[in-house]
Every structure is written in structure tokens, then in C-alpha cells.
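Going line by line, the protein sequences match chains A and B. Mapped onto our numbering, the consecutive letters of the first sequence carry residue numbers 1 to 613. Mapped onto our numbering, the consecutive letters of the second sequence carry residue numbers 1 to 259.
Please note: incorrect hints may appear among the correct ones.
The calculated lysine to any residue pairs, modelled on SDA-like cross-linking and capped at a C-alpha distance of 25 Å, are [unchecked claim]:
id, chain 1, residue 1, chain 2, residue 2
1, A, 548, A, 435
2, A, 548, A, 603
3, B, 126, A, 312
4, A, 308, B, 192
5, A, 316, A, 410
6, A, 308, B, 214
7, A, 316, B, 123
8, B, 126, A, 528
9, B, 126, A, 359
10, B, 126, B, 158
11, A, 316, B, 90
12, A, 579, A, 410
No wet-lab data here; the hints were simulated from the structure.
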Amino acid sequence: MAAVENFVVNTDEGLLPQADALPPELPSLPPGEWMKKNLFSSPFSTILTFVFGAMALAAINVLVDFIFSDERNWTAPATNLRLLMTQAYPADQYIRVWVSVGLVAVLTGLSTGLWNAGDALSMKRISMWFMTGGSFVALVALLAPFDSGRRTTWLILAAVVVGIGLAIWFGLGERRRSIFVRSIYVVFGVLGAIIGSLWVVKYGNYALADGELVADPDALVAPTTRIPWTILLAILVGTYFIGRGLAGKVAALLKAIVMGAWLLAPFIIVWVILRDPDLDWDHVISTDIPMALAFGFGGGLILYALTKPGLGEIGKIVAGVLLAVAAFNWVAAFFGWYPMLQKARLSFLFLAIFALAAANFAGDRRTRLQLVWGWLGFMAVVHYMATMANTASTLEIQGDFFLGGLSLTLFIAVLTLMLSFPLGVLLALGRTSRMPIFRVLSTVYIETIRGVPLITILFFFSVIIPIFLPSGMGLSETAAIVIGYTLFSAAYLAENVRGGLQAVRRGQFEAADALGLTGSQRTGFIVLPQALRVSIPPLVGQAIATYKETSLVSIVGGFDLTRIADKVISAQTDFLGVKMENLLIISFIYWVGAFSMSKYSQKLERRLGVGER
Amino acid sequence: MSISDATTAVSDELAARDDMIVCTGVDKWYGDFQALKGVTATIKEQEVVVVLGPSGSGKSTWIRCVNRLEQHQGGTIVVDGVELTNDVRNIEKIRSEVGMVFQQFNLFPHLTVLDNITLAPKWVKKQPKDVAEENARKLLDRVGIPEQADKYPGQLSGGQQQRVAIARSLAMEPRVMLFDEPTSALDPEMIKEVLDVMKELAQQGMTMVVVTHEMGFAREVADRIIFMEAGEIVEVGTPEHFFTNPTEDRTKLFLSQIL
Ligand SMILES: Nc1ncnc2c1ncn2[C@@H]1O[C@H](COP(=O)(O)OP(=O)(O)O)[C@@H](O)[C@H]1O
Ligand SMILES: [Mg+2]
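Go ahead and model the full structure; you've got the sequences and the hints to work with.
Okay, structure coming up:
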């Protein structure tokens, strides 16, 4: 009992800030009445219940028959799990993959702790989950083509699960409605049960060692799988409690740091951890560091000067000149007029953008220095990243890119979303702008892209564009795909954002104007936040589509999750022609990602709905 | 015509003050519909002017021209010595001196009350965050809702929202406040709390132009009343003159309908 007490939500910890104590969940109808009300309320609904019940049963039956049929070769995906996750990432460097996942686990744990994520679940609901889950296992046991021994095992398992549910239900009595558990503990519990079972249940150990199939169905999974996952779970739980502990103290600053870390994480993971750049220290000391310092401090001085209050037109002129120089550098790069490191060009461009924003930071010394500090931090990140990305990798990798399988799928999806989101917002603003030139350009762009199939754009960028690039300018396959996909996705995101922009009431614009906010302040502080909030459902829909449609990459030659499941595994000598199993497994993997995004967006909507009636 | 007669009713003391808003022959068209027809009026420093008139008479259009939410097409508008032209700097200057309170409050729903109030001071006036927040709390105190600082507008009653809107305008330390039917969207029991805040503001010497249908407020607080109809100023005078002894037939008709 003490253990349960420990897990019970203590509202002092701020799970539900406004509630003094959680009210008990309402009692549910007795099963008989519940069925009468929800399933058999009228003759028509009775018929519907039977028709759809029969259809659902038939569907489950087909699926179960498929999965447990003797013809299935589940050894194929089991053996190739690593291939599906990371393709041919060198086995001796695999620790890098685990470190990357670990970094994500740390950030996830810290975030859930800091933001106190999750709801309160009543014991009643948990009990019902056990009962429903157990019943489902029983159903599977009865429908599957099992021999009697196996069927008995499954039925016993089902009985145990239902039994736990019943024990909670009747053991707690009416208290089941007023005892609450943090949902995050339930998640940890489920993860713990799954990962813990790796140490006891003999799922079998499958591998391709030097092309030889090693299949041992009566073994525990390999320690190289068991141990890292156990450590990851410990990291996740540990960082969660660290986050919870810190939540009250320096939360605002910490939250900002964690959010920044989330933004940087994909780049650090891909270019620094997974790619392991082989740094040329002479070059770093002679060129890279001096260059970063020059841009950082030189740019900082310029920006500090530009934030001088009352600078007026001069500030705008200087910013304009910087923008022109930045643009000219890119033109020059295209025609090959003068050599320049790409990161120098990037830095010029960013400096121009910062300079354009400088007028907003005119004020006292502290406000002015905010911009300068922001610039220094930004430059540090840009130069670090650019240097890492430009240095050759130490990895020995076959093929065009060192990622493949799920890691490539995620890489393309995450990078595309991160890049296309700001672009989409800009396009939406352009399309609703009062300036005809922006309006026309954005509209033409959006309508053109939306009229072309994604696969065409991907072909165009991966095959045709490289042909027309000036000599000496290469574009890797993956980069081409990400660029093409970003341009495509941005057009759709723009339309979603535009819908949100139109939902912002005119009074909001007027209030902002009447307060003397400038046009860009009005857009940034008033209009966009409201527009984006309204657009969350379509934006997440678009994000999910972007994630799933990375599978088209397999057609233009990328070794993503789909390509490996569909083409690579089925070409191995041991698994010739084995496809359906792999496709079912990757469908599940795609589904987990998409479903999590959808769930998260519902949360986000509810949370941001605060104060909106 | 009668406008000049009525203006003479204004006390010499008022006439001696500096001009705050000077409108001369202001015209405004929506398409080919003329919403303002040569509106001429002068509002003095620290004066409280109530604008009355039937719906659609151009009251909102006029005061919205004063801070350039609408662009006038004829005549001139001079606010505190600065003429409203297409020059962006003049518009910015005037907007930072003129506060406006809307019928529908127009609070920013995604920001807390405190952020609603401090946003413009921080970004337009470049006030440091702590200074802006201290001011905001003082203003919330002044409008009587210091305890609501961390709520969102959607969690407040209409009367509280309108008081936040007033505090938000005051945070920019305006020299003139424009009110466009500030109590028309409120339930009756909340009207008083907003009017009280406005009365206090008037007593403290704020220059105010108030479009309202609250005759009690007009009678009690206004220095002068301007009556508009069909895009024109029909009659101007002190509350006493206006309610006891109006000269124009149209004014008499309006008053007979409303009182
Ligand atoms: N944006 C607009 N477009 C067209 N006509 C308008 C617009 N705004 C106001 N009007 C018209 O101008 C006239 C004056 O409106 P308004 O100033 O809102 O009147 P009041 O505030 O006195 O009720 C009305 O006839 C109204 O229909
Ligand atoms: Mg009006």
C-alpha cells in the first residue's frame, strides 16, 4: 500500500494548479446499463452493433491469421532490426547511435519533468485498461491458428491480465475513483515491463554475422540490445525526476535552454555525433576559429552601433547595404567569381538579417547588449555546425550517405519540417501582404508547387538539378531530397498558416496599431501567435503527412525505412522475397510516430486553449 | 451657422488652453459613400468631449481618423501640433500620444493581462521589462483589478477586460484618450465600474474624446458635447446647453428619442 501511496498524485506538486484536490471520477453505469445505453439503445443501433461487431471480429481474425500463420517469416525483420533502424551504420561505431538516442532521452526526460507533462489517471481507468487488454489477448488466443498448447499459454496470460484488473477494481472498491496516478508513471511502468522482459523472456536472438544467419529462437535478445535499452530507460526516468526537481526553481531559464537544445539536437546528433568529423586542427586554428571570432565580434560591434537609439534612416541604410553584400556573395558563388567559405556567406546573410532587426533593440545598454549576445551565441552555433558539417567523416560508410532506414526517414522528416516551417510562415505572410510584389510571388510559388506531385519534385531535385549546377558545386542526393521536399512542404504549410491568419480578427490589428506597434511587431507578437494557434490541427496534419511521405524517397534512390523493408531485406539470400512481414513492421513504426504527433497536438491545443473562450 | 454660436458657450477659461486636436473640414469616403462631411472641431488640452449621435452618423469614423486607423481624404487633422499625413514618422508619433479604447476591448487573447499591458511599452517605448511591469501593476491598481495580472483575457468579465484595455492604453502614457462606445458591449451591472475609471481619469486631467450613449456620463463629466448626424457636426455645446436648450431641430429630435 505504501508503494501505491507513493505514486499517488500529490496536488501540491502542481499537477493541476487550480485544483485543491482532484474530485473523484464519476461512477460509471453498471455494465448492463452501459451496454443498453451505448450499444442497444434502439433496434437500429442493435443491428449496427451486431454488423460492425461482426466486421471488427472478421478484420481481427484476418490480421491474426496473417500474423500467426506458419507461412510468415518473422525472422526476417527480427534479424534485420538494425538494418531497418540505421542501415549499414558501422557496428564498431554503434555506440554513437546509442549516444544520440540517449541525448534524445535526456531531453525528453528533462522536458516532461520541467513541463510536468501528463495527466492524472484514476485507478478505475487503469483497472479497465487491464481488463480490456486481457480480453483482447483472450480474443487473439481464440482466433489465432494456434495449437492447443500455445492457445492455453495465451489464455493463461489473458486471465492473469484480466485478473490484475479485477483485483484493482474490487480491491480498491469505491476508492478506485479517487486514487490517481500520474500518467507518466504508467508510461514508465509499461516501458519498464517491456524492457525488463528482455531480460527474462526468450524472444530469440537473430543476427546476420558476416552474412551468416544466426537464429536462436530459444535465447534472450542479444546483450547489445538489452543493455543499451535498459540504460536508456534509466536515463529517461532519472532525467524526468531531475526535471521535476528543478521545475520550481530556475524553470524559466532552464526551459529556454531545453527548448534551444531541442532545436540544436538534430544537427548535433547528425553532424557531430553520428558523423564524427575528422577535424583538421591546423585548419581549425588557422581559419575556422579566427573567422568565427571575426564575425562574432565584428558583427557584434556593428550591431551594437546599429542599436543606438534615434539612429533613424542611417540604420536602415547600413542594414540594406549589408543585405546587398550578402546577396552579392551568393550571386558571386553561383558564377564562381571569387572563392569564399560557405559559412562566411551564411554569416554575412545572418548579419544582414540581425541588422534589419536591430532597430527593435534600440534602447538602454542592456537591451542593446541582448542583441549582441544573441548574435555571439548564434555565430558560435553556426560556425561550429558549419565546420563540423564540412569536415570529412571518420566513418567508413558505403554509399552516398551515412544514415539509412529509420534514421534517414527521421533525418529527412525532421530537417524538412524545421526548414519548411519558417519558409511556410514567410510565404503565408507574403501571400497576405499588402505589397503586391510579395503577394504575387508567394501566390505563384504556392500554386505552382501545389500543382506538382511530390515525386516529380523529388526526381527533379535529385536527378535534374545536379546536372545544371555550375562545375565544382556538388549537391548530395540527400541534400537534394531535403531541399526539394522542403520547398514542397513549405507551400502546403503556407496555406495552413494563411488559414490561421485569416482567422485573426480585425480588432487585433487595430489594437496593435493604436498602441503604436510597428508592422513587424504587430505580425510577430499579435497576429502570428494567434494564427499559428488556430492552425495547429492542419499544421500537425501536414507534419504527419510529411513524416509518412518520406517513404517516396525510396523511389528516387534513398535508403529509407520503406526501401530497406521493401527491397533490401527481400534481396538477402536467407530471406528472398520476404516482404509483407517487413512492411507490416514498418507500418507499425510509422504509425507509432504519426500517432504520437497527433496525440501531442491534441495536448498542445488544449494547453494553448487557456484563456481562449 | 449655429456651430459658432454654440462654441461661444464654452467658457473663456477653456478657450484659453492649448489646442490638442484640431480638425478642419475633414472628409472621408467609403467608396462613393461619404461618411464624414467637412468635420471641423477643436479639442483643448485636458478637455473631456463626449460625441453623441445616432448609429451610423460617423462618430467612430471620425475618432478613428484621429489616430489613423482610417485615412481621411480631405481637410486636415493636427494632433498636438503634428499634422497627420502619409509620413510614417508622424503617424507613429501621433499613435504613441493617442490611446484608444474599443467597444470590443480587443485585448490580445494569447497574452496574460500583464503582457497585454507591458508589450507596447517594452517594444515601442523601449522600457526595461521590470519598469514596464511595475508601471503595469500600478495601472491595474488604478483601474481596480490588481489581482488579475496573471490571468488571460478570456478568464475575465467584460468589465474587467475593458478596464485592462484602459490600463493597456494608459501604459503608453498618452496625452489623449479616445473611447469608442467603451460600455456598449457590457452587461448593465458592469457599465458603472468602467465609467468610474473613466471619470477618475477625467478628474486627473486627461484629454478625452468619448463616443457613448451614456447620457449620465455626458451630463456629469463632459466639458463639451458634440452632436453628429450623417457625417456632420450638427451642434456643439456644454452639457447644460445641450440637454436643456438645444438649438437645432435634429438635436431635439435625437434627444426626444433617447431620453
Ligand atoms: N469600412 C467601412 N466600409 C464602408 N462603409 C463604412 C465602413 N465603416 C463605416 N462605414 C459607414 O460609414 C458610416 C459611419 O459609420 P460609423 O462611423 O461606424 O458610425 P457610428 O460610429 O456613428 O455608428 C456608416 O453609414 C457606415 O455604414
Ligand atoms: Mg460606432
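**Message:** Need the list of violated hint numbers for this structure, in ascending order.
**Reply:** Those not satisfied are hints 1, 4, 5, 6 and 10.
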